[in-house]
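Participant: This is what each chain is made of:
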Amino acid sequence: MKARAFSYFRPATITEALTVFAVAGGEASYIAGGQSLVPALALRLQAPERLVDIAHIDALRGISLEDGWLRLGALTRHVEAHDDPLIAAHAPLLALAAPHVAHPAIRNRGTLGGSVALADPASEFPAMMLAMGAEMEIAGTEGTRRVPADSFFLDLYQTALEPGELLVAFHIPAAGPEHRCAFDELARRRGDYAIVGCGTMLTMSGAETSSARIAFLAVGATPVRARAAEASLVGRRLDSETIRSAQAALAEDLDPPDDEQVPAAMRLHLARVLLGRLLGSLAEAA
Amino acid sequence: MTTLRPLSLMVNGETLTCFAEPRETLADLLRRGLELTGTHTGCEMGVCGACLVMLDGAPVHACLLFAVQAEGSAIETIEGLTAKTAIADLQCAFHDRNALQCGFCTPGMLVTAQALLARNPQPSRAEIRDALSGNYCRCTGYEAIVDAIETVARRRAAGEVAAAFAEEPA
Ligand SMILES: Cc1cc2nc3c(=O)[nH]c(=O)nc-3n(C[C@H](O)[C@H](O)[C@H](O)COP(=O)(O)OP(=O)(O)OC[C@H]3O[C@@H](n4cnc5c(N)ncnc54)[C@H](O)[C@@H]3O)c2cc1C
Ligand code: FES
Ligand code: FES
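Which chain is which? The protein sequence lines are A and B, in order.
Residue 113 in our numbering sits at position 113 of the first sequence, with consecutive numbering throughout.
Residue 114 in our numbering sits at position 114 of the second sequence, with consecutive numbering throughout.
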C-alpha cells in the first residue's frame, strides 16, 4: 500500500511548526522519525493533507544535565537512549529498555518524542517516563507548559497533548547512586511488542527502600503505575517476604484486559513473575 | 495534489537532484527513479528488513522514510557498498556458506551485518542473532547467515580487509 498524497513542510523552529500545523485546520500531522507514522500512512489508517516534518528543529534536540534534572529533547533517538552516557547514568531505565524496543534500524530513526506522543500502551519508553516521574514540556500556540507523566497518559493512544501541540522535551529527575533500577519484559521474540513489561526504580536509604516507582507496559489502555506494590516496599528491607507482598499487591494495581492469546489471569501472573525477578535482581545487587 | 518537490540527495557518493512526490518512499525513489533495484521491498512496513540502506552511515528502512525526509542526507545502497568493495568479504562468506537461496533478503542482511561489525567487531552468535532480529529470511533459516557473519568478524579481526575478497580487486 502507498500513502495518500500530502504536502510536505520542513519548519526550522517550533513557532514555525505550530503555525504551519494550525493553518492546516486539523488536517496536518507532525512527523519525527516516522517509524510509526509512515506505516500508518502506507496502510491508510491515517491520511493527513499536510505533513509537518519536525526532525530539523534544533530546539527539539539535545541531552543535558542541569540542577538535578536530565533534559532530553523530543528528537532524542532510541539509539541514543541505548548509547548515551548521560542517559545511562541518570535515566538508566531508558537505557535498560532501549534494546527491547523494535530492531536496530528502527532505533536509528525512532524518537522518544514520537514514542511517547503516540503512547502505545505496549511501548517501553512511555512506561519508563512514568516509572521515572518525568515531566513533559509541551509547546502550543498559547505558550509552553509542563505536564507530569502521572497525568500525561489519559487513555488508549490519548495523551495530554492537544491537537497541534508539540512535545518539546522530557525533564527527568536525575537518578544517582541511591537509586536502583531494573527493567525487563516478556516477549515472544526480541523486538516484538511485549506481553508484559515493567520498569522499577527504588530509592534506598541503607538497606531500606525509602521510595519506589513501578510502571508496567502492555497491561491496559495506558502505561500503569503499580501504586499498591510500591507502597508495600516502602520502609522495608528488600527481602523475599517483601517481594512476595509486592507481587500480591499487583492484584490491586492491575486489571489487564482479556485477549485471545493472553487471558487476563495469565497476564497478571506474568506481571507478578516479572516483578519478582526484577526485585530479586535488585535485592541481589545490594 | 501531486506536486513534485525538487530534492537533493547524495546517493552512493554522487550528488543527485531529482523530483519526487512527497508521498514517495525512499525505497520507491531508489528503485523506480534511480533504478537501484538492489534495495528490495517486501512488507513496506518496517518488518522484513529487505529495504535497508545506510542513511548518513546508519542502517534505516527505506520503506519507512519518505524521500523528501532524506533531503540533504547521504545514502548508500547495496550497489554503492558493493562498488566500493566495503562488503566484498561478507558477500564472499555468504556465497561460500550458502547463506542465501533466492537472495531477496540478502541486501538487507548485508547492510545489517556491515553495521553490526562496525559497531561491535567481534559479536557473539547471540549478538549477531539479536542484530538480525529485524531481518526476515524465508529460505535458508538463519544458521548459515550467522555463520557467514561470524566468519567475517574473525577474518577482519585477523587483519584481512574486505576489498581483498572482491572479484575484481579495486
Ligand atoms: C517493525 C516495528 C517494530 C516496532 N517495535 C516496537 C517496540 O517493540 N516497542 C516500541 O515501543 N515501539 C516499537 N515500534 C515503534 C517505534 O518505536 C516508533 O519509532 C515510535 O513509536 C515512534 O517514534 P517516531 O519518532 O518514529 O514517531 P513518528 O512515527 O514520526 O510519529 C508518531 C506519532 O507521534 C507524533 N509525534 C512525533 N513526535 C512528536 C512531537 N515531538 N510532538 C508531538 N507529536 C509528535 C506524530 O504526529 C505521530 O502521530 C516499532 C515500529 C516498527 C515499524
Ligand atoms: S520492505 Fe522495508 S522492512 Fe520490509
Ligand atoms: S534467501 Fe530467500 S529470503 Fe533469504
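Keep in mind the hints are simulated off the structure, nothing from the lab.
For glycine and all other residues, C-beta sits at the position ideal for the given N, C-alpha and C.
It cannot be assumed that every hint is accurate.
[As the list claims (entries may be wrong)] Calculated lysine to aspartate or glutamate pairs in the EDC-like style (CA-CA distance at most 20 angstroms, straight line): (1) A:Lys2 <-> A:Glu27; (2) A:Lys2 <-> A:Glu49; (3) B:Lys84 <-> B:Glu127; (4) A:Lys2 <-> B:Glu35; (5) A:Lys2 <-> B:Glu21.
[Claimed, not checked] Reference listing, derived: stretches of chain A covered by chain B, where coverage requires no fewer than 3 residues with Cβ under 8 angstroms from a Cβ of chain B: (6) 43-57; (7) 101-107; (8) 228-235.
[Claimed, not checked] To list a few chain A residues with every Cβ distance to chain B over 12 angstroms, as calculated: (9) Ile31; (10) Ser36; (11) Pro39; (12) Ala40; (13) Arg61; (14) Gly68; (15) Asp83; (16) Thr141; (17) Gly164; (18) Glu165; (19) Gly176; (20) Gly206; (21) Arg225; (22) His269.
Participant: It remains to establish, for every hint, whether it holds in the given structure.
Facilitator: Here is what the structure says about each hint:
1. For a cut-off of 20 angstroms, the pair hint linking Lys2 of chain A to Glu27 of chain A stands: about 19 angstroms separates their Cα positions.
2. The hinted pair formed by Lys2 of chain A and Glu49 of chain A meets the criterion: a straight-line CA distance of about 14 angstroms does not exceed 20 angstroms.
3. As the CA atoms of Lys84 of chain B and Glu127 of chain B are separated by approximately 27 angstroms, the hinted pair breaks the 20 angstroms bound.
4. A C-alpha spacing of about 19 angstroms is found between Lys2 of chain A and Glu35 of chain B, which places the hinted pair at or below 20 angstroms, so the restraint holds.
5. For the hint linking Lys2 of chain A to Glu21 of chain B, the alpha-carbon distance of about 12 angstroms falls within 20 angstroms, and the restraint holds.
6. Only residues whose beta carbon comes within less than 8 angstroms of a beta carbon in chain B count, and the stretch 43-57 of chain A has 5; three or more means the coverage holds.
7. Figure legend: the stretch 101-107 of chain A, annotated as covered by chain B; annotation consistent (5 residues with Cβ-Cβ distances under 8 angstroms, at least 3 required).
8. Given as covered by chain B, the stretch 228-235 of chain A fails the check, having 0 residues with a CB less than 8 angstroms from a CB of that chain where 3 are the minimum.
9. Listed as outside the interface, Ile31 of chain A is inconsistent with that label: its C-beta sits roughly 7 angstroms from the nearest C-beta of chain B, within the 12 angstroms cut-off.
10. At roughly 9 angstroms, the least C-beta separation between Ser36 of chain A and chain B is not larger than 12 angstroms, which violates its mark as non-interface.
11. Taking the minimum C-beta to C-beta distance to chain B, about 4 angstroms, the non-interface status of Pro39 of chain A is violated against the 12 angstroms cut.
12. Against the 12 angstroms criterion, Ala40 of chain A falls within the reach of chain B, whose nearest CB is about 9 angstroms from its own CB.
13. Every beta carbon of chain B lies more than 12 angstroms from that of Arg61 of chain A, the smallest distance being close to 15 angstroms; the non-interface claim holds.
14. The non-interface label for Gly68 of chain A is consistent with chain B: the shortest C-beta to C-beta separation is roughly 32 angstroms, beyond 12 angstroms.
15. The beta carbon of Asp83 of chain A is not kept farther than 12 angstroms from every beta carbon of chain B, the shortest such distance being approximately 9 angstroms.
16. With 12 angstroms as the threshold on Cβ separation, the claim that Thr141 of chain A sits away from chain B holds: the shortest Cβ distance comes to roughly 25 angstroms.
17. Under the 12 angstroms C-beta cut-off, the non-interface status given to Gly164 of chain A relative to chain B holds; the minimum distance is some 20 angstroms.
18. Residue placement check: Glu165 of chain A keeps its beta carbon more than 12 angstroms from all beta carbons of chain B (closest about 22 angstroms).
19. With a closest Cβ-Cβ approach of about 29 angstroms to chain B, Gly176 of chain A is found to remain outside the 12 angstroms limit, as its non-interface label requires.
20. Every beta carbon of chain B lies more than 12 angstroms from that of Gly206 of chain A, the smallest distance being close to 37 angstroms; the non-interface claim holds.
21. Listed as a non-interface residue, Arg225 of chain A keeps its Cβ farther than 12 angstroms from every Cβ of chain B; the least gap is roughly 29 angstroms.
22. The Cβ of His269 of chain A lies farther than 12 angstroms from every Cβ of chain B, with a closest approach of about 26 angstroms, so its non-interface assignment holds.
Of the numbered hints given earlier, the model fails hints 3, 8, 9, 10, 11, 12, 15; all others are met.
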